[in-house]
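Trainee: Protein sequence lines, in the order shown, are assigned to chains A, B and C. With this note's numbering applied, the first sequence has no gaps in its numbers, which climb one by one up to 282 at the end. With this note's numbering applied, the second sequence has no gaps in its numbers, which climb one by one up to 429 at the end. With this note's numbering applied, the third sequence has no gaps in its numbers, which climb one by one up to 280 at the end.
Hints listed in this document are in silico derivations from the structure and should not be mistaken for laboratory results. Among the hints, a few may not be true.
Simulated crosslink set (DSSO-like; lysine-lysine; CA at most 27 Å straight-line) [stated by the list, open to error]:
| id | chain 1 | residue 1 | chain 2 | residue 2 |
| --- | --- | --- | --- | --- |
| 1 | B | Lys405 | A | Lys72 |
| 2 | A | Lys99 | A | Lys190 |
| 3 | A | Lys97 | C | Lys108 |
| 4 | B | Lys75 | B | Lys51 |
| 5 | B | Lys51 | B | Lys218 |
| 6 | C | Lys108 | A | Lys99 |
| 7 | C | Lys168 | A | Lys212 |
| 8 | B | Lys51 | B | Lys122 |
| 9 | B | Lys263 | C | Lys168 |
| 10 | C | Lys168 | A | Lys190 |
| 11 | B | Lys429 | A | Lys142 |
| 12 | C | Lys64 | A | Lys97 |
| 13 | A | Lys72 | B | Lys401 |
| 14 | C | Lys64 | B | Lys51 |
| 15 | B | Lys218 | B | Lys401 |
| 16 | B | Lys326 | B | Lys51 |
| 17 | A | Lys5 | C | Lys108 |
| 18 | A | Lys97 | C | Lys168 |
| 19 | A | Lys99 | C | Lys269 |
| 20 | A | Lys5 | C | Lys64 |
| 21 | C | Lys9 | A | Lys95 |
| 22 | B | Lys401 | A | Lys142 |
| 23 | C | Lys269 | A | Lys95 |
| 24 | C | Lys64 | B | Lys75 |
| 25 | A | Lys99 | C | Lys168 |
| 26 | C | Lys268 | A | Lys95 |
A few chain A residues facing chain C, derived, Cβ under 10 Å [stated by the list, open to error]:
| id | residue |
| --- | --- |
| 27 | Phe22 |
| 28 | Asn25 |
| 29 | Pro28 |
| 30 | Gly42 |
| 31 | Val80 |
| 32 | Asn82 |
| 33 | Val83 |
| 34 | Pro109 |
| 35 | Phe124 |
| 36 | Lys142 |
| 37 | Met207 |
| 38 | Phe218 |
| 39 | Gln253 |
| 40 | Leu270 |
For clarity, every value in this text was computed on a predicted model and none was experimentally measured. Just so it is clear, CB atoms sit at the ideal spot from N, CA and C, and this is done for glycine as well.
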Amino acid sequence: MHFGKNMRTYYLILIPVLVLFFAFNTFPLINGLIYSFTNSKGYGGFDWVGLRNYADLFSDSRVGNSYLFTFKLALLGTVVINVLSLVLALALNSKIKFKSSLRGLYFIPNILGALVVGYVFNYFFTYILPYLTHSTSMLADKGWAWVAVVVVCAWQAIAMNTIIYISGLQTVPEDIYEAGALDGASGWNKFRYLTFPLIMPFFTINMVLSMKNLLMVFDQIMSLTQGGPAQSTESISYLIYNNGLAGGQFGFQSANAVIFFIVIVTISVLQMRFLNSREEQL
Amino acid sequence: MLTRRQAIKALAAIAAVTPVLAGCSSGTKASTSSDGVTNIEIVSYKQEATKVFAQLEESFNAQQSDIHLTVSSPKEAMTVLKTRFVRGDYPDIIGFGGDVNYSDFVEAGILTDVSGYRGLSKVKKPYLDILETLEYVPTEGTFGVPWMANAAGVLYNRSMFQQYGWAIPGTWDEFIALLDKVKAAGVQPLYAGFKDTWTTLAPWNALAVELAPSDTCKLVNEGKTTFAAEYREVAEKLYQLIGYMEENPFAYGYNDACTAFAKGQSAMFAIGSYALPQILTVNPDMDIDSFVMPGSNDTSKLVLNSGVDLQFAVMQSCPNKDAAYKVLDFLLEQGNMQTYLDAQSSVPCVEGSFEISSMLDGMRSYIDAGKVADFQDHHYPSQMSVDAQIQTFLLDGDVDKFLAKFDSDWVRYNRDIIRKVQAYENSQK
Amino acid sequence: MATSKVKEKFNWPVTILLLIGLVSVLFPLYMTVVIAFKSPTEMTTSIEGILSLPQTWSLDNFAKAIEVTDFWHSLLNSVLITAATIGISIVVHSLVAYAIGRNMASRKTFRFSYFYIVSGMFVPFAILMLPLVKETAQLHIDNPVGVVLLYVVFYMPMNVLLYTGYLKNIPVALEEAARVDGSTTWSTFWRIIFPLMGPMHATVAVLTALGTWNDVMTPLVIMSGNINTLPLAQLTFQTQFGTNYNLAFASYLLAMLPMLVFYLFAQKKIINGVINGAVK
Chain A
1 MHFGKNMRTY
11 YLILIPVLVL
21 FFAFNTFPLI
31 NGLIYSFTNS
41 KGYGGFDWVG
51 LRNYADLFSD
61 SRVGNSYLFT
71 FKLALLGTVV
81 INVLSLVLAL
91 ALNSKIKFKS
101 SLRGLYFIPN
111 ILGALVVGYV
121 FNYFFTYILP
131 YLTHSTSMLA
141 DKGWAWVAVV
151 VVCAWQAIAM
161 NTIIYISGLQ
171 TVPEDIYEAG
181 ALDGASGWNK
191 FRYLTFPLIM
201 PFFTINMVLS
211 MKNLLMVFDQ
221 IMSLTQGGPA
231 QSTESISYLI
241 YNNGLAGGQF
251 GFQSANAVIF
261 FIVIVTISVL
271 QMRFLNSREE
281 QL
Chain B
1 MLTRRQAIKA
11 LAAIAAVTPV
21 LAGCSSGTKA
31 STSSDGVTNI
41 EIVSYKQEAT
51 KVFAQLEESF
61 NAQQSDIHLT
71 VSSPKEAMTV
81 LKTRFVRGDY
91 PDIIGFGGDV
101 NYSDFVEAGI
111 LTDVSGYRGL
121 SKVKKPYLDI
131 LETLEYVPTE
141 GTFGVPWMAN
151 AAGVLYNRSM
161 FQQYGWAIPG
171 TWDEFIALLD
181 KVKAAGVQPL
191 YAGFKDTWTT
201 LAPWNALAVE
211 LAPSDTCKLV
221 NEGKTTFAAE
231 YREVAEKLYQ
241 LIGYMEENPF
251 AYGYNDACTA
261 FAKGQSAMFA
271 IGSYALPQIL
281 TVNPDMDIDS
291 FVMPGSNDTS
301 KLVLNSGVDL
311 QFAVMQSCPN
321 KDAAYKVLDF
331 LLEQGNMQTY
341 LDAQSSVPCV
351 EGSFEISSML
361 DGMRSYIDAG
371 KVADFQDHHY
381 PSQMSVDAQI
391 QTFLLDGDVD
401 KFLAKFDSDW
411 VRYNRDIIRK
421 VQAYENSQK
Chain C
1 MATSKVKEKF
11 NWPVTILLLI
21 GLVSVLFPLY
31 MTVVIAFKSP
41 TEMTTSIEGI
51 LSLPQTWSLD
61 NFAKAIEVTD
71 FWHSLLNSVL
81 ITAATIGISI
91 VVHSLVAYAI
101 GRNMASRKTF
111 RFSYFYIVSG
121 MFVPFAILML
131 PLVKETAQLH
141 IDNPVGVVLL
151 YVVFYMPMNV
161 LLYTGYLKNI
171 PVALEEAARV
181 DGSTTWSTFW
191 RIIFPLMGPM
201 HATVAVLTAL
211 GTWNDVMTPL
221 VIMSGNINTL
231 PLAQLTFQTQ
241 FGTNYNLAFA
251 SYLLAMLPML
261 VFYLFAQKKI
271 INGVINGAVK
């Protein structure tokens, strides 16, 4: 046995990669953490301000609102995306004509850049939708603009989630339905008690991924609303970028990013814990 | 075999070697090439003027053999510039606006004092004063050469005005009367693109230059007044104008507004001269003129809202300042400025007989007489997003809430600057 | 099996519903095409003006867009950056996933490395951005090389997660047999494991390509506008004081085209690639 030599090879592979990862992920993260204790603009000189940025974060209504908006978006978005993509996946996995073409076409939104998609939808919300519904533009209404953002995010994200669900559905063996049919299971019950438990792991992946992506939403905000109207659609990432570099609040927004990082990790871990425990129960 | 402890040690060693935070700069570019030619690099934030600058660059390089000029106008130029500053990679000259970026760069000490540069004497005094007032704390010296200005007020459809016989208003009451008259004639008086929040600043500034002191922000920093006191009338009058705009102006962006105005869907558009090239792309034959937006009934207070749209600053790090000044000399030549004016419908910051676009006829006398006042928003820190706050106010109409928030946010976002200003004031006593 | 397939029955109602649903996918594309072909003077703010077909199908906007965005160079840069990222990612990420996956159960160092790398998925780019600008400049990699390197790091968490997941399906017995024959870990990986990971390579390639191809921020801040990529070139149309939407949409369409064409040909592979990724 060449046990020692094997391990050496493994370490020789692992260590350079860890170094690379540290250098371009952890190290800048630590630098960001350091900046969060300064009033740096990103260039030029700066002063140390201790925990002031963190104290300010909790008293800043704009930051508070951006968290509210982002969570609202992430919650509704996750539900909408998962419900629709599950329905779509079931449809695309049934015995339909043009199956592979339809799958291919429904995946297109995912290959397009979010910036371009945002611009096109801008037109849609500004001119076409108001005309059809005889109302004013959703993007100009602070009560509705966030829904428009949900729509655009969902339009792009559904494609990927649908494909993931389809792959889940393909792991469900046919004979389980045959067995189920004998028990008289049909329609909703068949889905609820036979299909869904089997694709639970895919449900977990989709929930965690769509939640995380929605929490980090940036491109769609940039191209669709720029945070408006009345600052009602400023996502956390948008605020960090916009005020951090462009706005000269780099130190303060670094503190915001640190908290944001902690929040995202916490949510994702909790989500995985909860969903995994459900998986085991089923 | 490597143990875990060894692995961790190795990691720690690598972490220690990696440089911490800002180190030495890497921007060591050769300013003089081997054949004795000095390279001068200009980065301009006017991406829309790329073509004009390419033309100017070419003619400069054709007549100069010992200096080679490169002008670039990158996309997202201010972001690009700031990231270059972050890494210590400075161009020789930067072309940017007279706004809060100027204040920041002066404070950061990265611009050269050009007060000794002879070309500065050609620049009109009001524009030099504008740069002066932009400094957070009075700083000895001048750090930019104002080149082009823009002007904001009201653009109007001249042929439509002639057709209906409408007259240009000189006071606020006349302005409102005109708007009513236009409305009564079944024409949309104003069109706005408030979905793009920055456009709210155009009428805001145009009213503010007349209704609030030009150094409002400075006075607030010194604790001598509040925005609630200075901006109430500005806010109320702007809100009144909403009634004369298209239904729900918050649904439409800047482009939509330019398009609508160009198509004759409104008689007027409260915006700056920078919108002219865009309007003309939609309707190249449109007959447009402009007037100064009157904010009060006191005609003696009428002043044009005009600021430094493009100025050139020589970076502190530029190794060959004489070469940089030669480039500035070239840019300040009348013919070269005219080339830019023709392309961009701008206003020159420099004395001389220039041909200014006929679309600015209504503002011409103010420009010539130097009766100009700077955009107030050039003093607002961008992270405070005053434009978005104005949009919020225009949507819900609560003046008191808006002004209270303006004052409290101002203190919050300018804390460090206010401290410096007050320390300066104390040191002067 | 001897089940002679009787003529398959299709579920027509679902097929028809799906075809109707396609409108939601294709309508935005229709609008992009229509706007791209119009001239600015054809643009109006009324609904008919927006939806109607252009008066002439002129390619002027496209010709101009190609010129303004320096299309061919931008395309070349995008292709090179994306291709290099994919190539390096497949090799490096599968290799490290192999090292981690095979030792995770028995060694804490590897288990720790796994969680360390995967947790990187949750780091917001915004916090890394400015420190990375400084770092890449100090290391003199504020160029395409640096951008590729950063992508390799950014996509590492996702790809390592996928590869280690997939590795669980590859029986260890195969390697042990090879080892008995005297093969080293290194050569075992290349000869046996790497080819077996084929389907997952496709997945990784697709997911990494989608991310890098459309990314704007990384090339923008790292290369400071010196070198264009295709999405970066689209920012040309977003100057504050004037956007020519027709030209912009023509250019957007051009930017989408390579991906759409590529997708058209590799559609099945792409879809299957993503499906494999999910099945672990």
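Trainee: Of all the hints given earlier, name the ones this structure violates by number, lowest first.
Mentor: Result: hints 3, 5, 6, 9, 10, 11, 12, 18, 20, 25, 31, 32, 33, 36, 37 and 40 break, sorted rising.
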